[in-house]
Amino acid sequence: MTLRTASQRRRDALDALRRGDDVWVASPNGDRTAHLIALSYLWHGTRLTMATPLASKTARNLMRAGWARVALASTRDVVIVEGAITTTAIDANGTLRRAHAEATGFDAGAEPEEYAFLQLAVSRMEAWRDVEELKGRAIMRHGRWVDD
Amino acid sequence: MSTQSTIRTASERRAESLEELQRGRHVWVASGNENGTAHLIALSYFWDGERLNVATRVGSKTARNLERTKWARMSLPSTENSVVLEGPVERIALDADAGLMAAHKAAAGFDVRELPEPYVFFRLTPVQVLAMRSPDEEPDRVIMRNGRWLDD
Numbered sequence: 006m007t008l009r010t011a012s013q014r015r016r017d018a019l020d021a022l023r024r025g026d027d028v029w030v031a032s033p034n035g036d037r038t039a040h041l042i043a044l045s046y047l048w049h050g051t052r053l054t055m056a057t058p059l060a061s062k063t064a065r066n067l068m069r070a071g072w073a074r075v076a077l078a079s080t081r082d083v084v085i086v087e088g089a090i091t092t093t094a095i096d097a098n099g100t101l102r103r104a105h106a107e108a109t110g111f112d113a114g115a116e117p118e119e120y121a122f123l124q125l126a127v128s129r130m131e132a133w134r135d136v137e138e139l140k141g142r143a144i145m146r147h148g149r150w151v152d153d
Numbered sequence: 005m006s007t008q009s010t011i012r013t014a015s016e017r018r019a020e021s022l023e024e025l026q027r028g029r030h031v032w033v034a035s036g037n038e039n040g041t042a043h044l045i046a047l048s049y050f051w052d053g054e055r056l057n058v059a060t061r062v063g064s065k066t067a068r069n070l071e072r073t074k075w076a077r078m079s080l081p082s083t084e085n086s087v088v089l090e091g092p093v094e095r096i097a098l099d100a101d102a103g104l105m106a107a108h109k110a111a112a113g114f115d116v117r118e119l120p121e122p123y124v125f126f127r128l129t130p131v132q133v134l135a136m137r138s139p140d141e142e143p144d145r146v147i148m149r150n151g152r153w154l155d156d
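Chain order of the listed sequences is A and B. For what it's worth, the numbering used here labels the leading residue of the first sequence as 6, then goes sequentially. For what it's worth, the numbering used here labels the leading residue of the second sequence as 5, then goes sequentially.
No lab work stands behind these hints, which were simulated from the structure alone. A virtual CB, placed ideally from N, CA and C, is assigned to each residue, including glycine. Any given hint could turn out to be false.
Claimed, not checked - Residues from chain B that keep clear of chain A, each with C-beta distances beyond 12 Å, as calculated:
id	residue
1	R12
2	E38
3	A67
4	T73
5	A76
6	I96
7	A100
Stated by the list, open to error - With the C-beta cut set under 8 Å, the calculated list includes, among others, these residues of chain B facing chain A:
id	residue
8	T83
9	N85
10	V88
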């Protein structure tokens with residue numbers, strides 16, 4: 006397999022983020038173990054928005070930590086995104102609510118439980134397809150693309 | 005068609021989850037960082053029928069986290085068809101189990117001894133297993149609790 010450049014990985018990773026439906030979301034439990042769950046998302050270009058019940062383990066963990074690491078579904082074409090989390094009430098932003106519902110197929114404001122939006126501002130991104138690509142996997146660091 | 009027909013029984017989920025574990029090569033591994041955030045990485049593995057053995061570089065963030073917390077939550081093969089396993093982990097040095105190295109090579113397609121950096125295994129013994137293919141399956145997603153299959 007040919008190694009991709011940072012610029013190619015960036016294009017591929019952004020394509021994958023636009024195309025994808027769900028991410029694996031790791032969050033820290035209070036006892037220093039980690040929780041892991043799949044959530045659907047909306048991709049805005051620099052932010053990734055997920056909705057989850059306000060009382061869920063993931064919401065509580067991410068609100069406490071203020072930081073999340075999430076991965077697109079494939080372990081063959083790995084795209085991992087990491088960044089600060091801000092919480093937004095579902096009703097606080099009508100545009101966001103509609104965009105999220107359109108992207109994910111469910112309206113978080115119409116659920117029986119109270120939901121919240123968790124918005125991840127991307128500050129680190131990793132992309133690799135096989136062991137050879139592990140070196141150079143960080144394509145964004147501290148909010149800056151390494152090929153800029 | 006009734007949506008009921010798409011909901012698998014606990015026995016079906018168990019059988020299919022075990023097939024996925026036997027078939028797969030990589031698993032997502034979540035671990036707790038020392039600073040109170042969480043780490044997440046895909047690792048190759050070998051499923052021995054009861055335990056999931058992942059290989060990682062000695063000193064990697066995942067290795068350090070698992071050594072400290074001795075607990076992990078892992079998932080495969082996809083977000084649409086998810087099998088999530090959680091439980092205690094133990095560290096297995098490469099030279100401690102030659103059979104495991106050979107089994108990992110057969111399952112993952114590479115020999116951890118041939119990598120430029122030293123590797124180590126972590127063995128997860130699941131005490132909780134979840135299996136879910138659709139939101140309809142969410143209410144009964146737990147198929148193992150406290151180390152016991154619910155259909156036993």
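We went through each hint and held it up to the structure:
The non-interface label for B/R12 is consistent with chain A: the shortest C-beta to C-beta separation is roughly 17 Å, beyond 12 Å. With 12 Å as the threshold on Cβ separation, the claim that B/E38 sits away from chain A is violated: the shortest Cβ distance comes to roughly 8 Å. The claim that B/A67 is not at the interface with chain A holds, since no C-beta of that chain comes within 12 Å of its own (minimum 14 Å). Residue placement check: B/T73 does not keep its beta carbon more than 12 Å from all beta carbons of chain A (closest about 5 Å).
With a closest Cβ-Cβ approach of about 7 Å to chain A, B/A76 is found to fall inside the 12 Å limit, against its non-interface label. At roughly 20 Å, the least C-beta separation between B/I96 and chain A is larger than 12 Å, which holds for a residue marked as non-interface. Every C-beta of chain A lies more than 12 Å from that of B/A100, the closest at about 23 Å, which supports listing it as non-interface. This hint holds: B/T83 has a C-beta 4 Å from the nearest C-beta of chain A, less than the 8 Å allowed.
Look at B/N85: its Cβ only gets to about 10 Å from chain A, farther than 8 Å, so that hint breaks. With a cut of 8 Å, the hint placing B/V88 at the interface with chain A holds, because the nearest CB-to-CB distance is about 7 Å.
Figure legend: structure checked against the earlier numbered hints; hints not met, in rising order: 2, 4, 5 and 9.
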